[in-house]
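Engineer: Here is how the chains run, residue by residue.
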Amino acid sequence: DAKTTQPTSMDCAEGRAANLPCNHSTISGNEYVYWYRQIHSQGPQYIIHGLKNNETNEMASLIITEDRKSSTLILPHATLRDTAVYYCIVFPTGTASKLTFGTGTRLQVTL
Amino acid sequence: DTEVTQTPKHLVMGMTNKKSLKCEQHMGHRAMYWYKQKAKKPPELMFVYSYEKLSINESVPSRFSPECPNSSLLNLHLHALQPEDSALYLCASSQSGTSGRYEQYFGPGTRLTVT
Numbered sequence: 014d015a016k017t018t019q020p021t022s023m024d025c026a027e028g029r030a031a032n033l034p035c036n037h038s039t040i041s042g043n044e045y046v047y048w049y050r051q052i053h054s055q056g057p058q059y060i061i062h063g064l065k066n067n068e069t070n071e072m073a074s075l076i077i078t079e080d081r082k083s084s085t086l087i088l089p090h091a092t093l094r095d096t097a098v099y100y101c102i103v104f105p106t107g108t109a110s111k112l113t114f115g116t117g118t119r120l121q122v123t124l
Numbered sequence: 179d180t181e182v183t184q185t186p187k188h189l190v191m192g193m194t195n196k197k198s199l200k201c202e203q204h205m206g207h208r209a210m211y212w213y214k215q216k217a218k219k220p221p222e223l224m225f226v227y228s229y230e231k232l233s234i235n236e237s238v239p240s241r242f243s244p245e246c247p248n249s250s251l252l253n254l255h256l257h258a259l260q261p262e263d264s265a266l267y268l269c270a271s272s273q274s275g276t277s278g279r280y281e282q283y284f285g286p287g288t289r290l291t292v293t
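Taken in sequence, the protein lines are chains B and S. So the first sequence is numbered by our numbering: it starts at 14 and just counts up by one. So the second sequence is numbered by our numbering: it starts at 179 and just counts up by one.
Because the hints were derived from the structure by calculation, they are not lab data. Virtual Cβ for every residue (Gly too), placed ideally from N, Cα, C. Misleading hints may appear alongside valid ones.
Unchecked claim - These stretches of chain S come out as covered by chain B in the derived footprint (C-beta under 8 Å, 3 or more residues):
1) 215-226
2) 280-288
Said to hold, decoys possible - Counterexamples of contact, computed for chain B against chain S with all Cβ distances above 10 Å:
3) 32
4) 62
5) 80
6) 90
7) 112
Please construct the entire structure, taking both the sequences and the accompanying hints into account.
Structural biologist: Given below as structure tokens:
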């Protein structure tokens with residue numbers, strides 16, 4: 014599996030945009046970028062995924078660089094409930110396969 | 179409905195006990211997963227079932243025995259566990275085949291303590 018690199022922790026003020034970066038320089042052509050988050054003591058929650066185009070849903074936006082070697086997850090208006098560990102994972106599509114979680118970024122949203 | 183349910187929420191068992199963890203989904207997903215998560219660590223895959231057949235076993239000790247009785251249910255049978263097996267056990271499900279969408283949906287987990 015391709016590896017990802019994320020900052021260990023980040024802070025964000027409530028109401029501001031949270032921009033979480035991820036490096037995945039060894040990503041293969043058939044691998045998607047997936048983002049999950051895990052709020053304390055809960056199961057991981059799927060946020061968004063993309064291949065090469067930018068994606069947006071009701072939770073977040075995903076910006077993938079043209080060379081696909083890095084991406085940024087954007088939470089446009091962070092709230093206290095967005096405090097969680099955010100995982101960036103590259104994942105080959107086409108079959109049921111394992112998610113390999115890295116250490117993720119611990120996002121702390123503050124008042 | 180994107181809900182995966184797991185029972186029980188908490189389980190305390192002795193090293194000689196036999197217990198089972200249960201997982202259920204009604205999203206029509208044909209792939210189901212067991213993950214183990216130790217405190218302050220990311221989840222680690224244990225097993226994958228695809229179309230009710232075991233497709234991935236991440237070299238898990240035989241004291242953990244998975245079972246997929248039908249496409250909606252996934253069990254994890256536990257026997258002769260060790261204290262170091264204490265962890266949060268997470269179940270997940272996803273579509274399979276050629277659907278084009280493979281995001282996994284996780285349950286809340288079962289917090290297991292082995293005494």
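Engineer: With reference to the structure, classify each hint as holding or not holding.
Structural biologist: We went through each hint and held it up to the structure:
| no. | hint | in the structure |
| --- | --- | --- |
| 1 | 215-226 | holds (count 5) |
| 2 | 280-288 | holds (count 8) |
| 3 | 32 | holds, 22 Å |
| 4 | 62 | violated, 6 Å |
| 5 | 80 | holds, 24 Å |
| 6 | 90 | holds, 23 Å |
| 7 | 112 | violated, 6 Å |
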